[in-house]
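Protein chains: 2
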Amino acid sequence: MSNEIRKDYILDRWVIIASERGKRPTDFSVRPSERSKTETCPFCPGNEKMTPPAFLLYIPSAKGVERDRDSNGERRSDWLVRGIPNLYPALRPREPRSLSADELHEREDGVGEHQVVIESPRHDEHLDRARVEQVRLVVQAYIDRLEALSKWKYVSIFRNHRKEAGASLSHAHSQIIATPIIPKKIANELTASKAYLQSKGSCPYCDILEKERDTDRFICENESFVTLAPWASVYPFEFWLLPKRHQSTMLKLKEGEKGDLARMLRTALGSLAKVLRDPPYTFGFHIAPSAREIEHFHWHLEVYPKLAIQAGFEDSTGIFINVTPPELAAESLRDGLK
Amino acid sequence: MSNEIRKDYILDRWVIIASERGKRPTDFSVRPSERSKTETCPFCPGNEKMTPPAFLLYIPSAKGVERDRDSNGERRSDWLVRGIPNLYPALRPREPRSLSADELHEREDGVGEHQVVIESPRHDEHLDRARVEQVRLVVQAYIDRLEALSKWKYVSIFRNHRKEAGASLSHAHSQIIATPIIPKKIANELTASKAYLQSKGSCPYCDILEKERDTDRFICENESFVTLAPWASVYPFEFWLLPKRHQSTMLKLKEGEKGDLARMLRTALGSLAKVLRDPPYTFGFHIAPSAREIEHFHWHLEVYPKLAIQAGFEDSTGIFINVTPPELAAESLRDGLK
Numbered sequence: 339m340s341n342e343i344r345k346d347y348i349l350d351r352w353v354i355i356a357s358e359r360g361k362r363p364t365d366f367s368v369r370p371s372e373r374s375k376t377e378t379c380p381f382c383p384g385n386e387k388m389t390p391p392a393f394l395l396y397i398p399s400a401k402g403v404e405r406d407r408d409s410n411g412e413r414r415s416d417w418l419v420r421g422i423p424n425l426y427p428a429l430r431p432r433e434p435r436s437l438s439a440d441e442l443h444e445r446e447d448g449v450g451e452h453q454v455v456i457e458s459p460r461h462d463e464h465l466d467r468a469r470v471e472q473v474r475l476v477v478q479a480y481i482d483r484l485e486a487l488s489k490w491k492y493v494s495i496f497r498n499h500r501k502e503a504g505a506s507l508s509h510a511h512s513q514i515i516a517t518p519i520i521p522k523k524i525a526n527e528l529t530a531s532k533a534y535l536q537s538k539g540s541c542p543y544c545d546i547l548e549k550e551r552d553t554d555r556f557i558c559e560n561e562s563f564v565t566l567a568p569w570a571s572v573y574p575f576e577f578w579l580l581p582k583r584h585q586s587t588m589l590k591l592k593e594g595e596k597g598d599l600a601r602m603l604r605t606a607l608g609s610l611a612k613v614l615r616d617p618p619y620t621f622g623f624h625i626a627p628s629a630r631e632i633e634h635f636h637w638h639l640e641v642y643p644k645l646a647i648q649a650g651f652e653d654s655t656g657i658f659i660n661v662t663p664p665e666l667a668a669e670s671l672r673d674g675l676k
Numbered sequence: 339m340s341n342e343i344r345k346d347y348i349l350d351r352w353v354i355i356a357s358e359r360g361k362r363p364t365d366f367s368v369r370p371s372e373r374s375k376t377e378t379c380p381f382c383p384g385n386e387k388m389t390p391p392a393f394l395l396y397i398p399s400a401k402g403v404e405r406d407r408d409s410n411g412e413r414r415s416d417w418l419v420r421g422i423p424n425l426y427p428a429l430r431p432r433e434p435r436s437l438s439a440d441e442l443h444e445r446e447d448g449v450g451e452h453q454v455v456i457e458s459p460r461h462d463e464h465l466d467r468a469r470v471e472q473v474r475l476v477v478q479a480y481i482d483r484l485e486a487l488s489k490w491k492y493v494s495i496f497r498n499h500r501k502e503a504g505a506s507l508s509h510a511h512s513q514i515i516a517t518p519i520i521p522k523k524i525a526n527e528l529t530a531s532k533a534y535l536q537s538k539g540s541c542p543y544c545d546i547l548e549k550e551r552d553t554d555r556f557i558c559e560n561e562s563f564v565t566l567a568p569w570a571s572v573y574p575f576e577f578w579l580l581p582k583r584h585q586s587t588m589l590k591l592k593e594g595e596k597g598d599l600a601r602m603l604r605t606a607l608g609s610l611a612k613v614l615r616d617p618p619y620t621f622g623f624h625i626a627p628s629a630r631e632i633e634h635f636h637w638h639l640e641v642y643p644k645l646a647i648q649a650g651f652e653d654s655t656g657i658f659i660n661v662t663p664p665e666l667a668a669e670s671l672r673d674g675l676k
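Sequences listed follow chains A and B, in order. Each residue of the first sequence is one higher than the one before, counting from 339 in the numbering used here. Each residue of the second sequence is one higher than the one before, counting from 339 in the numbering used here.
Source of the hints: derived by calculation from the structure; they are not laboratory data. What you were told as hints is all true, and nothing was included just to trick you.
The list cannot tell twin chains apart, which means a pair is met if one copy fits it or any two copies do.
The calculated lysine-lysine pairs, modelled on DSSO-like cross-linking and capped at a C-alpha distance of 30 Å, are:
1. K532 to K345
2. K501 to K523
3. K522 to K491
4. K491 to K361
5. K361 to K387
6. K592 to K489
7. K491 to K523
8. K345 to K489
9. K582 to K489
Start from the sequences and build out the full structure, keeping to the hints where you can.
Here is the structure:
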């Protein structure tokens with residue numbers, strides 16, 4: 339096999355697929371996770387005073403799970419999921435200042451929200467190894483935050499797994515940043531999917547689901563979700579989770595779909611962890627802005643394992659070099675399901 | 339200072355400038371470079387047989403420096419600069435195959451060139467600490483390659499410094515990849531600078547040079563070049579080198595300008611190494627494609643220190659978070675000049 343240059347399904351994003359090197363899982367050396375047991379974890383139960391009060395708590399109750407929040411300076415420690423403000427927020431909620439600007443120096447005030455979802459009271463209950471009912475609560479927390487932050491132009495829900503992928507704490511958690519602008523990557527997807535719909539009469543993501551099913555990039559599915567390695571994967575072992583039902587954001591997920599999403603997350607991330615020995619990765623939900631339903635968009639989750647270093651060529655050209663063709667990645671990730 | 343969101347001078351690229359955190363050089367922990375002395379370096383003189391024959395050699399001679407190449411299976415070892423094919427090329431020069439494609443699966447054959455410029459016979463003679471006459475030879479080698487590869491749509495000249503920034507070998511070297519497509523980042527700069535010229539009647543980079551001179555983002559200059567920390571720096575301590583004379587590629591650099599570029603590289607990278615204890619960085623030349631002079635473009639070099647990890651938020655939104663405002667970066671880099 340020779341190298342080829344592939345374009346993303348709909349975006350003007352190109353990647354050199356280095357089939358010649360065709361790196362398999364064993365070609366990547368991933369160091370075992372380091373957990374500094376000696377330091378006190380601010381996200382573990384009992385240490386809630388080390389963090390701001392929670393605005394979201396899922397508490398076990400006789401009826402199942404109840405929603406609560408910290409109040410009166412108290413911190414509850416009997417939670418299953420805990421949502422708190424980030425102690426070092428990239429953006430803060432406040433009245434926006436008006437800032438001077440000119441033609442070459444445009445800017446806006448850095449207003450927004452930066453929050454943390456602590457996914458489990460158990461330090462190491464990461465999504466790849468969590469109990470499905472726990473992942474189901476995390477999914478519910480994402481949807482809760484999406485609703486609560488819908489006044490912002492965009493709500494980015496993402497996860498950094500392991501220090502090498504930007505996680506400053508090893509306790510299982512996700513992050514949420516609400517921004518006063520629509521991020522460019524999302525804007526590009528909105529523009530490209532709209533153009534596709536106008537020219538083809540269909541949603542590009544629905545077409546991707548349909549067409550990739552019978553290729554060697556398909557990884558797995560359940561009743562509501564599909565996992566696949568995308569045609570122009572920019573990262574080795576990159577995969578996407580897509581809902582089968584056309585929907586532009588997660589706000590109207592049905593109860594059954596929430597469970598299916600939890601199971602699919604657990605399954606796909608579980609395979610990744612197994613095949614590559616718990617590698618660093620980031621994931622991010624790509625959703626329609628502002629809780630609006632947008633006909634031509636189809637939300638999905640993109641998972642990027644961090645096994646290679648993005649360097650000068652990628653930095654200065656925007657062309658990625660992926661040393662593991664998605665077909666090879668999908669084969670390994672299918673094997674990891676067994 | 340509160341955080342703000344800045345837009346690049348001309349591109350639709352936004353960055354959260356985290357002034358609140360305002361990380362100074364001492365806030366970053368950079369580990370000392372590791373050099374594995376035990377392994378034989380394939381780029382050191384005497385080990386030329388470990389690499390392909392050189393297509394470019396600068397050889398000291400009575401008249402100054404002569405140009406040569408390896409031939410007849412021999413490898414010269416008396417070189418000052420050595421240009422060779424990359425042993426693991428991302429793209430190869432050959433007749434392009436015609437590849438099947440469809441609406442959602444576009445691709446091109448992976449043809450092109452991938453070369454290495456070994457910058458010095460001395461293993462550790464990196465640009466930040468090199469003798470200026472040696473940097474001058476490296477600049478000449480870049481221009482030589484640009485000419486030799488001008489049949490390709492684009493020639494990317496870049497450098498990965500230290501392992502953390504993607505350098506697989508620690509011997510001082512740069513890389514060159516010639517591509518059969520115009521990279522998107524360059525295409526975006528071409529489009530934006532053309533639009534700027536049409537609306538303002540001037541080159542945006544000439545205007546940047548003019549306007550930034552009197553700001554606290556200015557770092558230093560010599561007769562032909564300026565170094566500045568750009569308004570919307572995406573990386574902590576990012577800086578750009580720009581030629582004062584309007585020119586879209588480096589092919590017509592005058593002899594004096596080549597020397598000035600060598601001195602400016604040495605000075606600016608020297609300050610970075612001093613201030614941040616030889617941090618990992620990448621740099622890339624942004625030039626007009628295909629050796630053409632393009633009226634609205636103005637070549638420049640962008641240097642990206644790698645001090646923070648790009649993670650899930652950046653990955654999924656394209657919005658960067660920079661914890662060191664460029665004004666603070668420029669102040670430190672100006673101090674480093676002393």
